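A.B. asks: Chain by chain, the residues run as shown.
Protein chains: 2
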Amino acid sequence: MIDVVRLTPERFDEFIELVNALADYEHLNRPPADAVERLRADAFAPSPRFVALLGLLDGKAVGYAITLETYSSFLAKPTQYLEDLFVLEDARTHGVGGRLFDAVHDMARTNGCGRMEWQVLDWNMLARDFYARRQATYMKEWLVYRITL
Amino acid sequence: MIDVVRLTPERFDEFIELVNALADYEHLNRPPADAVERLRADAFAPSPRFVALLGLLDGKAVGYAITLETYSSFLAKPTQYLEDLFVLEDARTHGVGGRLFDAVHDMARTNGCGRMEWQVLDWNMLARDFYARRQATYMKEWLVYRITL
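Chains A and B, in that order, are what the protein sequence lines are.
Mapping the first sequence onto my numbering, position 15 (from 1) lands on 18, and the numbers just tick up by one.
Mapping the second sequence onto my numbering, position 146 (from 1) lands on 149, and the numbers just tick up by one.
What the hints contain is simulated information worked out from the structure, not anything from laboratory work.
Only a predicted model underlies this, so the values are computations on that prediction, with no experimental measurement involved.
Mixed in with the good hints there might be a few duds.
Since the list gives no way to pick out one identical chain from another, each pair is judged satisfied if it fits inside one copy or across any two copies.
List of simulated lysine-lysine pairs, DSS-like, C-alpha gap at most 30 Å [said to hold, decoys possible]:
#1 K63 - K80
#2 K63 - K143
#3 K80 - K143
Extracted from the complex, chain A is given alone in its bound form:
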């Protein structure tokens, strides 16, 4: 059975296990202790910096999504931005990722957003196929630029 629930302080350690699993999957370093404490503070602040959703398979957290609102000046409407979407490799094909995606898509509608937007690594064909099946458009003309502070 699949459920999607908002992250609560009680489930924060399970959430971090999933964040670690995503870091491993992307061959990145796991967040160090100070980053974990910032994630906790930012998730549960009076004005949280993001919304985290957990995907439960038979009650166990096997996936998560992080989302927040940005803004489209062109539409003059908020954009539902999907920062992370991840499901443990062992728990795939049950539909947890789809349910997490749908939950964020529902938030976009509820929040009056004009768009839902996210970024995908170009080599991640599993993810790109997943999004293509959901009628998402790859915005070929737009390039991502960054400065690290």
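Chain B: place on chain A using the hints.
C.D. replies: Chain B in isolation, oriented as in the chain A frame:
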């Protein structure tokens, strides 16, 4: 003389003239009346959805930037996201764009951000050169995906 100031209600009409000029520049439709009113409401709400900065050349608004905070779960820090940066074609080469960019970069530092991030149209070589001169990295591996609601 160049100044960068926060958008105030008194200068909102000048701001919209610049938004219209950017739409013309990108061959997009200008925002209709209802979108203009949403921009006003979202800019001046108790919790504004974005921060708008005006670039003044000898007191006249000739450019603007729109910025807001997103979040990097990897860094567990906010990201200063640059939604728009535009200077009227007639007013370029005076350094207004650079001053607007620097102001947003300063906000990133002040806000404790780990990154500053934005998107650029691939054909906009003027913009890409401008950002390359500012040590920005083009994140080749990241693709932008979108659903329009």
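A.B. asks: At most 30 Å between C-alpha atoms: does K63 with K143 qualify within a copy, between copies, both, or neither?
C.D. replies: For K63 and K143, neither the intra-copy (37 Å) nor the inter-copy (36 Å) Cα distance is at most 30 Å.
A.B. asks: Under a CA distance limit of 30 Å, which applies to K80 and K143: within one copy, between copies, both, or neither?
C.D. replies: Both. Shortest intra-copy (22 Å) and inter-copy (28 Å) distances satisfy the 30 Å Cα cut-off.
A.B. asks: Have a look at K63 and K80 and pick one of within, between, both or neither, based on CA distance no larger than 30 Å.
C.D. replies: between (36 Å within a copy, 28 Å between copies)
Going down the numbered hints, you'll see the structure goes against just number 2.
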